[in-house]
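Protein chains: 2
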Amino acid sequence: MPELRRDPVIGRWVIISTERSRRPGGLRTQNESQGSVPCPFCPGNESKTPPEILAYGPRGRSPNTPGWSTRVVPNKFPALQIEGDLHRGGEDLFDRMDGLGAHEVIVETDDHTKQLEDLNENQVTDVLFSWRDRIMDLKRDPRFEYILVFKNRGTAAGASLAHAHSQLIATPMVPIRVKQELRGSDEYYEKKGRCIFCEIMRAEIEKKERVVEVNDDFAVITPFASRFPFEMWIMPRRHSSSFETSTDAQFRALSRTLKSVLARLNNVLDNPPYNFIVHTGPLKANQLAHFHWHIELMPKIVHTAGFEWGAGFYINPTPPEQAALYLREVNNGPTA
Amino acid sequence: MPELRRDPVIGRWVIISTERSRRPGGLRTQNESQGSVPCPFCPGNESKTPPEILAYGPRGRSPNTPGWSTRVVPNKFPALQIEGDLHRGGEDLFDRMDGLGAHEVIVETDDHTKQLEDLNENQVTDVLFSWRDRIMDLKRDPRFEYILVFKNRGTAAGASLAHAHSQLIATPMVPIRVKQELRGSDEYYEKKGRCIFCEIMRAEIEKKERVVEVNDDFAVITPFASRFPFEMWIMPRRHSSSFETSTDAQFRALSRTLKSVLARLNNVLDNPPYNFIVHTGPLKANQLAHFHWHIELMPKIVHTAGFEWGAGFYINPTPPEQAALYLREVNNGPTA
Numbered sequence: 003m004p005e006l007r008r009d010p011v012i013g014r015w016v017i018i019s020t021e022r023s024r025r026p027g028g029l030r031t032q033n034e035s036q037g038s039v040p041c042p043f044c045p046g047n048e049s050k051t052p053p054e055i056l057a058y059g060p061r062g063r064s065p066n067t068p069g070w071s072t073r074v075v076p077n078k079f080p081a082l083q084i085e086g087d088l089h090r091g092g093e094d095l096f097d098r099m100d101g102l103g104a105h106e107v108i109v110e111t112d113d114h115t116k117q118l119e120d121l122n123e124n125q126v127t128d129v130l131f132s133w134r135d136r137i138m139d140l141k142r143d144p145r146f147e148y149i150l151v152f153k154n155r156g157t158a159a160g161a162s163l164a165h166a167h168s169q170l171i172a173t174p175m176v177p178i179r180v181k182q183e184l185r186g187s188d189e190y191y192e193k194k195g196r197c198i199f200c201e202i203m204r205a206e207i208e209k210k211e212r213v214v215e216v217n218d219d220f221a222v223i224t225p226f227a228s229r230f231p232f233e234m235w236i237m238p239r240r241h242s243s244s245f246e247t248s249t250d251a252q253f254r255a256l257s258r259t260l261k262s263v264l265a266r267l268n269n270v271l272d273n274p275p276y277n278f279i280v281h282t283g284p285l286k287a288n289q290l291a292h293f294h295w296h297i298e299l300m301p302k303i304v305h306t307a308g309f310e311w312g313a314g315f316y317i318n319p320t321p322p323e324q325a326a327l328y329l330r331e332v333n334n335g336p337t338a
Numbered sequence: 003m004p005e006l007r008r009d010p011v012i013g014r015w016v017i018i019s020t021e022r023s024r025r026p027g028g029l030r031t032q033n034e035s036q037g038s039v040p041c042p043f044c045p046g047n048e049s050k051t052p053p054e055i056l057a058y059g060p061r062g063r064s065p066n067t068p069g070w071s072t073r074v075v076p077n078k079f080p081a082l083q084i085e086g087d088l089h090r091g092g093e094d095l096f097d098r099m100d101g102l103g104a105h106e107v108i109v110e111t112d113d114h115t116k117q118l119e120d121l122n123e124n125q126v127t128d129v130l131f132s133w134r135d136r137i138m139d140l141k142r143d144p145r146f147e148y149i150l151v152f153k154n155r156g157t158a159a160g161a162s163l164a165h166a167h168s169q170l171i172a173t174p175m176v177p178i179r180v181k182q183e184l185r186g187s188d189e190y191y192e193k194k195g196r197c198i199f200c201e202i203m204r205a206e207i208e209k210k211e212r213v214v215e216v217n218d219d220f221a222v223i224t225p226f227a228s229r230f231p232f233e234m235w236i237m238p239r240r241h242s243s244s245f246e247t248s249t250d251a252q253f254r255a256l257s258r259t260l261k262s263v264l265a266r267l268n269n270v271l272d273n274p275p276y277n278f279i280v281h282t283g284p285l286k287a288n289q290l291a292h293f294h295w296h297i298e299l300m301p302k303i304v305h306t307a308g309f310e311w312g313a314g315f316y317i318n319p320t321p322p323e324q325a326a327l328y329l330r331e332v333n334n335g336p337t338a
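Chain order of the listed sequences is V and X. Position one of the first sequence corresponds to residue 3 (the working numbering), numbered consecutively onward. Position one of the second sequence corresponds to residue 3 (the working numbering), numbered consecutively onward.
It does not matter which identical chain is meant; a pair holds if it fits inside one copy or across any two.
In the DSBU-like style, the derived pairs of lysine-lysine whose C-alpha atoms are separated by at most 30 Å in a straight line are:
hint, residue 1, residue 2
1, Lys181, Lys193
2, Lys181, Lys194
3, Lys193, Lys209
4, Lys141, Lys286
5, Lys50, Lys141
6, Lys286, Lys181
7, Lys194, Lys209
Calculated directly from the structure, the hints in this document are not laboratory data.
With the rest of the complex left out, here is chain V (with noise of 0.2 Å):
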């Protein structure tokens, strides 16, 4: 069973995930496997996943059988596991708990030489309704706070198979990093009565500098103190806590912006690796005046160092004003 521990200085919580646990000489990362071994994610080796728990294509379609367009399953080397009580324990100072928790993912095409941003806007939706689906149906499970939604793309960005896919994590706490942003923002509301990430999203539309792009539905910014060359935030205009609760409508407008900017970023820097992440509020806090959700976008460009690591103290040598000036001017379509 895997562990989560929590750091008793500053609280930050970690899975100890003994499953995965190697000897040292097996720790490096390996490389994304491209080929030579089956792709488990192709259809015809759904055998090679754990069996599915959604998938969407044509009625009648027998589970773990091809015809499917977007696939979920549990991933096969969890980080943390779907059974038992969340056990509670520890000594002293070191508090910890079960490893309990839900690892999902969700294997975007059939089309293994297809990435996410060369899919079309129904299908890049219909990931979207996945990861909704997905929530919408943990969240009844009492023993999660928290559900992650991400993606890894490329090896350098931790990927360790090339077909596109996005992953989901269940947890039984809230990560430190949406906590500080609940608390910021809390903070904020409190003094002010307004949503900070709405403020910030009015202040960067008139100010232009750091716009990529905004439409109806979604703005796209290089934010102020970004940490990462070209790093972005995709966050929707109107003002609500929760990803899920979406309409069909935004989940499509989303989907649109979602190729825009993913195809702008290809093409200022050359299919990079990449990191994006869902900041959706808590699961037990339904809606939130303070709280506004988002994407974070991080290109993997540039190595961190220790300097970074240890101290939360990032440099980035590239301005978001002069990011945001490239991926405004370049095309946003398929690399030519």
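Dock chain X against chain V, hints included.
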């Protein structure tokens, strides 16, 4: 002039280092230069660095000539700049300051072929003395609130030159990670009247399972909630919140401990890239009863993925008890 910017939501400061800015195509980190280009840190090439700030060597040696054994120079591509006043400014939500600070490089040896842990005890002690001497000097500058001493070894850990060196950055604010530690340890002290780091060390030494080594002056442990495989903390046995006020005997003991720990790491993981960072108290705080200086050492052997970045929530595949076991049992001398 570089700029310091504060994230409006969570309060984290970022250095936007315009001086280092490059066009998108040139952004990817370069590999360590291994000798095709003359090494700016080798004796005879003193003119390839900015003029030295400090050097240990024979009496009567002229500055910026060979003969030194440890040499401190300003970083040629500083993240922050030493000249100027501290202009705090900004508008609305966006706080910024001039990127004022110091960024120095400590060349740890004149021998291009040696790593820090290959140096003899006196030479490593000199490196520690040079950190102390630079902190003591920079501390007199009222513009600075904090000094970070750190080392990146290997390209994957962010090093851009192979010649053994560490770095130091003086900043006009306390970094967020250190602030979190100060806050967490202060809360504990308020409740219990004891230093949480002293308590952790006492509990770990009693338990033994996460101890790598202990001597009269230092304890080395793999922390309970380690974020990374083989992460280690080096902690002084005697309570003190500031690295730089250690006694000469303590620096000599730290030199031996550091050599031993790095040898263990090299022997278990085959000379991995790593980062370490000195966590010491804020410059203007004097001795704090609740904070305890220590060194955090993080081998860079796994890719950190979006989940970790975006959530501050780490997955560690190696339980610290297992890491401690390997590290404790391995030879702590040079690799055979």
